[in-house]
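Based on the hints, put chains B, C, D, E and F in the right spot on chain A.
6 protein chains.
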Amino acid sequence: MTSTASQQTITRADGRTPEQLREVRITRGWLDAAEGSVLVEFGNTRVLCAASFTAGVPRWRKGSGKGWVTAEYAMLPRATNTRGDRESVRGKIGGRTHEISRLIGRSLRAVVNVAALGENTIVLDCDVLQADGGTRTAAITGAYVALADAIAWGQREGHVKKGAVLTDSVAAVSVGIIDGTPMLDLPYSEDVRAETDMNVVTTGSGEFIEVQGTAEGAPFRRAELDSLLDLAVAGTADLARIQREALATEPAGYRA
Amino acid sequence: MTSTASQQTITRADGRTPEQLREVRITRGWLDAAEGSVLVEFGNTRVLCAASFTAGVPRWRKGSGKGWVTAEYAMLPRATNTRGDRESVRGKIGGRTHEISRLIGRSLRAVVNVAALGENTIVLDCDVLQADGGTRTAAITGAYVALADAIAWGQREGHVKKGAVLTDSVAAVSVGIIDGTPMLDLPYSEDVRAETDMNVVTTGSGEFIEVQGTAEGAPFRRAELDSLLDLAVAGTADLARIQREALATEPAGYRA
Amino acid sequence: MTSTASQQTITRADGRTPEQLREVRITRGWLDAAEGSVLVEFGNTRVLCAASFTAGVPRWRKGSGKGWVTAEYAMLPRATNTRGDRESVRGKIGGRTHEISRLIGRSLRAVVNVAALGENTIVLDCDVLQADGGTRTAAITGAYVALADAIAWGQREGHVKKGAVLTDSVAAVSVGIIDGTPMLDLPYSEDVRAETDMNVVTTGSGEFIEVQGTAEGAPFRRAELDSLLDLAVAGTADLARIQREALATEPAGYRA
Amino acid sequence: MTSTASQQTITRADGRTPEQLREVRITRGWLDAAEGSVLVEFGNTRVLCAASFTAGVPRWRKGSGKGWVTAEYAMLPRATNTRGDRESVRGKIGGRTHEISRLIGRSLRAVVNVAALGENTIVLDCDVLQADGGTRTAAITGAYVALADAIAWGQREGHVKKGAVLTDSVAAVSVGIIDGTPMLDLPYSEDVRAETDMNVVTTGSGEFIEVQGTAEGAPFRRAELDSLLDLAVAGTADLARIQREALATEPAGYRA
Amino acid sequence: MTSTASQQTITRADGRTPEQLREVRITRGWLDAAEGSVLVEFGNTRVLCAASFTAGVPRWRKGSGKGWVTAEYAMLPRATNTRGDRESVRGKIGGRTHEISRLIGRSLRAVVNVAALGENTIVLDCDVLQADGGTRTAAITGAYVALADAIAWGQREGHVKKGAVLTDSVAAVSVGIIDGTPMLDLPYSEDVRAETDMNVVTTGSGEFIEVQGTAEGAPFRRAELDSLLDLAVAGTADLARIQREALATEPAGYRA
Amino acid sequence: MTSTASQQTITRADGRTPEQLREVRITRGWLDAAEGSVLVEFGNTRVLCAASFTAGVPRWRKGSGKGWVTAEYAMLPRATNTRGDRESVRGKIGGRTHEISRLIGRSLRAVVNVAALGENTIVLDCDVLQADGGTRTAAITGAYVALADAIAWGQREGHVKKGAVLTDSVAAVSVGIIDGTPMLDLPYSEDVRAETDMNVVTTGSGEFIEVQGTAEGAPFRRAELDSLLDLAVAGTADLARIQREALATEPAGYRA
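Chains as they are written, first to last, in the UniProt record's numbering: chain A, 1 to 256; chain B, 1 to 256; chain C, 1 to 256; chain D, 1 to 256; chain E, 1 to 256; chain F, 1 to 256.
Bound conformation, chain A alone (with noise of 0.2 Å):
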């Protein structure tokens, strides 16, 4: 975590300095049955993320060689201030809903070889039991290493080759300009202030993979466009390096 002498002195609510990700957790092996699973958190969101093997993959694919890597987000009705109602309960999928899952799936598809997993599936769940700001990009960054869980797991067991199925890491972060001043990694309490927001999916060696920003009081200008894709890089740098400690080690799980 770099930080300019600048920016130093702007504290935020919760003690970090504007370029200061939030405590990051990995806990992998959450789950018993999932051939990958963890329990991310960036500070108090938390985000369980469930990866599902299965040979074969959808029909439109068959015979193809390639495998099919996708991903489904969804909020747990109490994980927010205000318990929202769910989705099964109203037959449909929000607009929100859907596209945070697209935007997991394609992030995770960047880094997969598909030839190299083969004619196999794996399903990304990604179920926030609570929600503090940040769930998409915690979602990507567990759902990384809950995904390499399963591809390890389909090689352990023979489905997929040996060999490197992931090209590269994916780690992701939100940035936003508050008060004027860009920050990394915004808590609920700063994104409803942000002027500007951005979530940033890059690989671990620093390229990007999405870069979404959304004006939501004035539009912003190049320049600050400019520093927030700085301060994300720098994030999801950090975030690359946590993954990696994560995959080292032993998996903790539940209870951990």
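Hints were generated in silico from the structure; no laboratory data involved. Errors might be hidden in some of the hints.
Note: identical chains are not told apart, hence a pair may lie in one copy or across any two.
Under the rule of at most 25 Å between Cα atoms (straight-line distance), these lysine to any residue pairs were calculated in the SDA-like manner [what the hints assert, rightly or not]:
1. K92 <-> R102
2. K161 <-> V114
3. K62 <-> G94
4. K162 <-> R109
5. K66 <-> A223
6. K62 <-> G84
7. K92 <-> G105
8. K162 <-> A218
9. K62 <-> G95
10. K161 <-> G43
11. K162 <-> R106
12. K92 <-> R106
Okay, now just chains B, C, D, E and F, sitting in the frame of chain A:
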């Protein structure tokens, strides 16, 4: 956990005697925002119970002076050994989900003095994070504790008058006959083998709220029914004690 | 219909003793096309049960050599005092409907030898034309007779091998405690007043298939549960006799 | 039932002449609770028509001083030779169902003086218990009688002012050309063979409310259209007489 | 466009005589990709008709050697004066939409020799861009031309054998009685005032495919029905000529 | 349209230079009834944008004094090369549709002074009649003009106070990297080949409202991101000029 001499000779796959509960844990305060929240575990079964308190009641109950308590049960897609489709994606709620949600709601309402609650609504969301049998009984047992916490919150905040809102506690357990032996609190591996399967909901004082017995294989005789009821009543007495102990201490919260 | 001396002094609004069934009628062959069809009446409750026989089984059961029996329950919008919305118009099936459909299916399957049925499917449609309490128990009782007729049709037509497909008969009845007295076969006016409500499904030989008891008001004691079970077992024995008599005669058909 | 000499020589499978209706029965009071109810039979076609009277009108009509009459048509799954899926299970209403519901509603409204009805709503539920052709025409014919009974109920109860609410009666019949011969009131076996199929709704005084003719095979000529209209007008005159007779007697009720 | 002396004295709001069509335009080739496409205009009513040709037929028709033609009708939300909700957003298709889609499909199939079409499917999408009365009749009239183009495409590409697939042309028009005068091709302002409203579909040779007449206010007499049919037949003859002329020239395409 | 010397040597399939827009047309007043309506064309992509003005706001915004602007995007089934299923028929809206509708709404709201709009709602319906890449960017660009017309209508009719409601204009364009070259405004044939795909929404004064970049093949580097942003900003400046010109002239209307 009482046990008769004759049954002690049978040992189950997990080392329990037929009349023994699995390890039961009740972690209060697992969520930061919910007015009551409990992570309840019956062995490997883990259910997150969140109680949401809102002032006011549904339209059909307005002006009655009475409150309302309801519940929604759901299962994460990878709570089970094989991933299940999300009900939100399928666009409708399955019969089993409906049935269990209704059972939880009825069971809780049986111990709520709705007049004492006043025109307030408490929704209990019971989301199964991991399923290893007995998810509905764990949900009822945990939801009772979350409900008690939400009522206490309502009284602290002045939404509910001081005084008893709960007329008793409520807990539930499953029982079944396996290879001719009645057994308490079945994990999934036993549940699928049970000839008869029964879920029993009782009050803390040992009276019945619900009795649901189903012949899975052969029909069952009156004597078998009686022995299952005996076993269940002893089991829910144990659970009532565990609930009392959980409520008697300070909430441990997440990472307890 | 046996009755104890002590109970005889209580007379119900419709003149029955506590342990007496309402007038039960079973009219076979009410539909021209269905392989089995019964209009079953428990007093003013009228349920049309149609059994549809089709060769073949659902995909998940193909090649098993075993048949499948399932049921769908529904209520006409004006079966009740106040018109209810159609589930087809609301676009989803309610929890109660699901629950009862599942109960009927389970109850019938408990007496079907699916291997003897062979790879054939029988669907029981139980549509409530008029509801005056006990619709689910009337449905089970009538559906059994329609099922028996559909199996006989399958054997006559050569789809099913000769020999016993049904291992026993099945009938159901409701019981409840009203003003402290256990009573059999509750019409709507009694059902809404019952402190405890129980539906019991038994075989013709008096063993239990389902026991579902619910405390509507106060929790119930073991002694009450026992007396309700006694009453129900006597009631279903009566129903089993009425079923046997209906099956022993030529189908009367519509306008019997 | 008039008939011309030339046509009398043709006899239909069920023994009728081309211009003869099937046996038509109208049983009033088939349901205990509905404000009007009719079991109408055109041969083997049986439709249960229930009229539900409620004070008040839909929001868009409030304050207009005018009432509202609408209809919902549906078919039980086993009304037909082959079981059909329930629309509630499929989660949506088919085009045919919608179309017929709208036709019934329009036909009835054509004879209702909505100002005389006052701000009251009558819903006609027409549920086909058994289908053998002509279900929509039987439904209209029966629903008119149930509607008349529900209006009379509203007047007896003081919800509707005394005086004529119905400006005329309404009845409907199907006609079709089979092997070149125009025929009245087609059962299913004739309906599938008809080259042209027409449903005609008229008032008791013989004027047209709806004319719906469809070329099933070859297009039809003006002369054919004319002869079908002649046949239909004679048929609905017969039906109007049967309706008058049904309304002139005391309701027979169920088990008439 | 013929007109009788007596009617010429009545002039409509848009200057037409009662028996005159609005200006009708048929623009072929409005879309680049569709196998047939027509923008059809009846005055201000504009419907885009796209014919999609695909080899193969639905499963229930496979192996029959016969093709299939079907249609889907819809309206853009702001085709009308007041914005309507999207059916995709409401999650279900309205009765009117279903009814018109079915009418268009039936009308087109009446002139298709499905055996000559071979096992190919043509779907006609008729989307109303602007609605000013007569959208269904414009849709049928335009869809016929798009269908003819799609069949010609199928023959050029070798999917369909050379030779007549269409047995005749098909066109449709609305007629109605306004202030006692039968009028042809009603715009919205006349449609809402019509006492009787009729849609007539005929072949190019003047025979009937569909006749759908509805009394909007008072029931109509046989003489009125006859005069409406006369008017409609003359109108569809005009439309058949316009269709022939459109098909006789090179497609003009978009920005004609 | 600026261009660098090095890029001018590359010519695209349609003859454009990499930094050139397709031919853009904006036809105002394409619909008669809508308060604002535009047919916008980016080459062969044609989107009909209709702005519907209604007094009042959704319930959650009542009494705020602020207006509301929202958008719904959809595609006609045969807008594309291969016919797609209607979302109304499938009964649910796809993720892509939701995502684009939300993007359009957000983009427009970024330039609306909701307090100046007052408690009025404007819904923008963007229906793709023909899709050849860039449908969402064409929709935003056209919808802005329709929105401006609807606001002017609201002011002429006295629903909105005189004065600036729009704080700036808004336009959008797609950019992508194809064979290593950044290119502006991709048609479908280029879009499917792009390694990186970005949609950029800017104000007329050149500031950013949305930036959405996605690596379709390999991740992209910061330098590539920078050059895509340069290209997009130049493109939206061109579009802003075209919008100004369109709004400066009298609306041409349909058949311009």
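Given identical chains, is K162 near R109, meaning Cα to Cα at most 25 Å, within a copy, between copies, both, or neither? Intra 19 Å, inter 48 Å, cutoff 25 Å: intra-copy only.
Using 25 Å as the alpha-carbon threshold, which applies to K162 and A218: within, between, both, or neither? Answer is between; shortest inter-copy Cα gap is 23 Å, intra-copy 51 Å.
Is the C-alpha distance from K62 to G84 at most 25 Å within one copy, between copies, in both cases, or in neither? Classified as between; 21 Å across copies, 39 Å inside a copy.
Can you tell me if K62 and G95 fall within 25 Å by alpha carbon in one copy, between copies, both or neither? between (29 Å within a copy, 24 Å between copies)
Between the shortest in-copy and the shortest cross-copy C-alpha distance, which are at most 25 Å for K92 and G105: within, between, both, or neither? Both, since 20 Å and 20 Å are each at most 25 Å.
How would you label the pair K62, G94 (within, between, both, or neither) given a Cα cut-off of 25 Å? Only across copies: K62 and G94 sit 23 Å apart there, 30 Å inside one copy, limit 25 Å.
Using 25 Å as the alpha carbon limit, work out where K161 and G43 are close: within a copy, between copies, both or neither. neither (37 Å within a copy, 36 Å between copies)
When no copy is specified for K161 and V114, does a C-alpha distance of 25 Å or less occur within a copy, between copies, both, or neither? within (12 Å within a copy, 43 Å between copies)
25 Å Cα cut-off: does K162 pair with R106 within a copy, between copies, both or neither? within (24 Å within a copy, 46 Å between copies)
Within a copy, between copies, both or neither: which one fits K66 and A223 at a CA-CA cutoff of 25 Å? Neither. Shortest intra-copy (42 Å) and inter-copy (31 Å) distances fail the 25 Å Cα cut-off.
When no copy is specified for K92 and R102, does a C-alpha distance of 25 Å or less occur within a copy, between copies, both, or neither? Both ways: K92 and R102 sit 16 Å apart in one copy and 16 Å across, limit 25 Å.
Up to 25 Å CA-CA - R106 versus K92, copy category: both (22 Å within a copy, 22 Å between copies)
This entry does not satisfy hints 5, 10, going by the numbered hints stated previously.
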